[in-house]
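A.B. asks: Okay, here's what each chain looks like letter by letter:
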Amino acid sequence: MTDTSSVLQIKGLQIALPEGADRPFAVDDVSYDLKAGEILCIVGESGSGKSMSANAMMGLLPDLVRPTAGEILFHDTDLLKLSEDALRDLRGKKIAMIFQEPMSALNPLMRVDDQIAEVFEAHDLLSPAERRTRAIELLTEVGIPDPEKAARAYPFQLSGGQRQRVMIAMALALEPEILIADEPTTALDVTTQAQILKLIADLQERHGMAVMFITHDFGVVAEIADRVAVMQLGKIVEHGNADEVLDHPQHDYTRKLIAAIPKLHADDAEEADTKKTALEVIGLTKTYRSGGGLFGGPERVVHAVNDISFKLGVGETLGVVGESGSGKSSVGRCLVRLQDPDQGSVLLDGEDMATLTGEKLRTVRKSIQMIFQDPFASLNPRSKIGRIIAEGPIAHGVPAKQAYAKAAELLDLVGLDPSAIDRYPHEFSGGQRQRIGIARALALEPEIIIADEAVSALDVSIQAQVLDLLDDLKTRLNLSLVFITHDLRVAAQICDRIAVMQKGNLVELGTASDIFNNPKSDYTRSLIEAIPGREKELAAAG
Amino acid sequence: MLRFIALRLVKAAVILIAIVTLNFFLIHAAPGDPAAVMAGEAGAADEIFLQQLKEQFGLDKPLLTQLGIYLAGVVQLDLGFSYRQQMPVAELIWDRLPATLLLTTAAFVISLVLGTLAGVLASARVGKWSDTLISTVALLFYATPLYWAALMAVLLFSVQLNWLPGFGYETVGGNYTGFARVLDIAQHLILPASTLGLFFMAVYMRMTRASMLEVSTLDFVKTARAKGLKPGLIQRRHIFRNAMLPVVTLAGLQAGQLVGGAVLTETVFAWPGIGRLMFDALAQRDYNVLLGVFFVSAAMVLLFNLVTDILYRVVDPRIRAS
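From first to last, the protein sequence lines are chains H and F. Residue 1 is where the first sequence starts when you use my numbering, and the numbers rise one by one after that. Residue 1001 is where the second sequence starts when you use my numbering, and the numbers rise one by one after that.
Take the hints with a grain of salt, since some may be wrong.
Stated by the list, open to error - 20 Å max Cα-Cα, derived PhoX-like pairs, lysine-lysine: (1) Lys93(H) <-> Lys35(H); (2) Lys503(H) <-> Lys520(H); (3) Lys93(H) <-> Lys1230(F); (4) Lys94(H) <-> Lys1011(F); (5) Lys81(H) <-> Lys94(H); (6) Lys94(H) <-> Lys276(H).
Think of the hints as simulated: they come from the structure by calculation, not from any bench. Model, not experiment: these values are computed from the prediction.
Using the sequences and the hints given, assemble the complete structure.
C.D. replies: Rendered as structure tokens:
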């Protein structure tokens, strides 16, 4: 495998995990190469070891995790054998890296241009004045509006997309031969993601860099990759040209992963109007105010939910879709009265949830339950599963013994072993915890479930299982579902109708197939066009 | 910024009045009053004499009237008169303030500088023997009662080794002037200031260490390493500055105690400061002196809270904007 155009060759790399980890090696016998001018995507689910070889390359492995065999050849130098000083000289200059969370990847206390100038400083290049000038040039190149102003800004003053552009500018500063991008668009909204992907592809072409793009998202792969390596549990299971791997996956795992991606094709839903109404929302409004008061300075007002009305049919799944800051989660929280709406009504069995108080609210609340995004933070780590599930019914007067028996039944219903009742949340995986969250919501025998980004934190294969479970339960228990998500693919798969929100306003409401096939508003159209991998899917379908 | 400071000052004034009022009632709720103590000491505890004293001190008026008179004075920065010491309270406090501020400021600087430094060192050598040593010593400082440490320090450094003076502010009858006097006071200062600083030194150390370790796991530190920056620079520029935010909060809390926090130390070391004044006033139910000391301490706490908030705005641009 001596390819002259390879800038990087990884041969038989093995990285050991500390004792007590779930497997001995984070990465085991991994070999691949990276050629100049190509984008190689390393794809895998969480825990697959996809970021490990990149971190080893940069000498940035976590403590106690170290390479135990193999080599990483950068041209002809083995990076694993380099001294810390020699490796530091390569970092930033020959190999640069960008990360997932552009907010936390920038120092919150330093101005943007100082952080970019540091790259030159680290390698003793240019004078301080020249560094600043270069910083502004770089910011211009990555397409930040008003680069002079952005240069003097602090990270918190920029949007997520702008911050990622700053990271990219920083990585480009010394014209590196290799750019490692570790999930660089995962934390971004879909329209911003599309822009950043395009930027990376453009810059790659202009500078002739080799890009190693680490991602969990096959949509992103379809959008940007020349070649793909699929990783599972520390090994590369499939490796090849992007088109070949996506269109004709050879390995079972790759096939399973690709099959698990929610398809954009939406079925024609039954007419919602013919159904009985489970919930009616009229003119819901929620405004956040901060500051103000006697000594608080100027008041800031955010219209999170602005005069929104919709109906939810019995047995229907209604998607609420939008980017961050669109107000979709505020709608969910107002529906279950975790927050009090400022105006409007939420009609449930003739009662207005929005104005109920005290005992009445407690009783009505039983019939509308919520599932949360983060399966780790939403379960009390000190409570056993049985208690977590039975707590609600017990609070509503069900005898403890009966509630625990019901909890065991519910665990069975969501596909977990009833013995889980005596275990703690940390003993379960993310997907299992989300099932526990669903069991908890079902414990009060609700008519309506609000799922707030309920599958967003899950890997794609787990996500598919949880979506199937939700769909199945909905039919069996005749539930109505409000499904809040930023992911249009997920919405396309599970929702009958979809409400698109932007900046607190309801932009469009229609059946899933109408929204995807004939979007009426420009905003909906831009959201759909930004979905990564969409064109490839259309081509395959068409 | 100016608007922020002005608003905060108004707020502070309101809080100060509330504190004075609360203190006033608390003190009067305790049994005994200055007239009773003085009459007792004079050995003439008959009703008429007691009544005369009460009238003289204004203690015969209804409590609310007394409060009104006191508040009216405070607003004009008149803290009343100590009949016990036959001096205006403000003057008494003013006389004692420099000694206390010298002691507490020295303790503040010693604990902040040494504590932070030790914390940084420990965090850079985490898990090694020097980290263990620093952490153990800090725990010891943290757990040692102040008065015990003070007495032991006097025993060891003053009585046994005879290196440093064990009590007082300067050598009695030394009649030093100029630089010699400064040196004399500095020698007297070392023991009380270091003892007083022990506790906070330990707290700063532990907080700095924990904070440095936490910040060093954050993403932007990884970014800094990926740029190829040298470890020393990453420590100073990226980790240290971010790690100092909680330490600033704590320093603000300690600074608030600059006036009222040295009662024990001043008593053990016979340091002629506010702490001693307060201690004596308490024994003698000298209401006006006590209220005066409380007033100045409270004002100090509020002042340093404000200074902390301003510092925070200087250090952290995110707070400046919100």
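A.B. asks: Let me make sure I understand: some of the numbered hints might not hold for this structure. Which ones are they, in numerical order?
C.D. replies: Hints 4, 6 not satisfied by this model.
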